[in-house]
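Based on the provided sequences and hints, a complete structural model is requested.
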Amino acid sequence: MSQQPMLFCEVFDNSGFKLWYTGKIRSRNGVGIIVDKEWKKDVVDVRRVGDRIIVLKLVVGQDTFNVISGYAPQVGLAEHFKVKFWEDLEGVLQDIPQGEKVFLGGDLNGHVGSVARGFEGVHGGFGLGEMNGEGKSILEFSEALDLSIANTWFKKREEHLITYKSGGTCSQIDFFLIRKSDRKYCLNCKVIPGESLTTQHRVLVMDVRIRDRAKRRSPLTLGESRGFGPRGKESWWWNENVQSKVRKF
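Okay, so the sequence shown: first residue is 1 according to the UniProt record's numbering, each after it adds one.
For the record, the hints were derived by calculation from the structure and aren't laboratory data. The model shown is predicted, which means the values in this text are computed figures rather than measured ones. Backbone N, C-alpha and C fix where the C-beta goes; we use that ideal spot for every residue, glycine too. Heads up, none of these hints are tricks.
Dumping the calculated DSBU-like pairs for lysine-lysine here, alpha-carbon to alpha-carbon at most 35 Å:
(1) K190 to K165
(2) K57 to K101
(3) K37 to K184
(4) K184 to K82
(5) K37 to K24
Distance ranges between label pairs, derived from CB positions:
(6) D42 to G167: 39 to 47 Å
(7) G118 to R183: 14 to 22 Å
(8) A144 to G99: 15 to 23 Å
(9) S166 to N29: 14 to 22 Å
(10) C170 to R47: 31 to 39 Å
(11) G99 to Q200: 34 to 42 Å
(12) Q62 to G16: 18 to 26 Å
(13) G91 to G167: 33 to 41 Å
(14) Q74 to R211: 32 to 40 Å
See below:
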C-alpha cells in the first residue's frame, strides 16, 4: 500500500507580515499568500484546497475581497490532475457570493496568446505568444465564470509581459484573474523586469483601487515562493524577514 505525503498548513507572523501556506511534505507543490501588517487584521477567513489552492477572505471598508493563489498542474502531467485542479478552483469561485470581489493570482501553466481570438471580454488583446491547449482552458474557465485576465488588458513592452524566463524560453504563464464587473478597479498590471522570486519566475504586480481606506492603491504581487527575492522600489515587501520565512519551504 502506498503512503501519501501528508498535507500541512502553516502560518508565520513576524515583523508585521503574515504568511499563510499550504503544501505537502516532500512535494514540489504548494501555494501561499503574504499579507502586509496593514491588512492582516482584515483577514476573516482562510480556506485551503489541497496543495494547489489557498483563499484568504478580507473585509476592507465596504468591500469583501477573496484573494486566491493557485498553482495549475504542469503541461506534462496526466489529464485527471488538470481536471481536478480546475474543478476545485471552480468550486471555490462558485462558493463566493456575487457581491464579493475576487483577485485570483497564480502560475496557471498555460499560454493564452497575444490576441483575444473569440474571448473578447476575457482577454484584453495584449498577451504574449501563441495560445496552447492549457491556455484555452484558462480562457474557457474565465469565460464561464465571468472573469477577466488582468495582465492582458494593458499594452506593455514584451519585457513587461514575460512572467517566466529560462535560458532562451520566454513565456507568460502567471496571471491575475478578476471579475469582469470589477475591471474598473484594476489600475495596472505588469511584470517588473529584472526582478525575480526564483531564477525563472518574475514578479507580476497588479494595482487595484480600494474604497474607503486611507491607502487607495493596493499592490497585489504574484510569484514563486522560493529563492532570493527582488530588490527595488516596486518590491518593497521582499525584505529579510519575509525571505527568511519563505526560504523554510
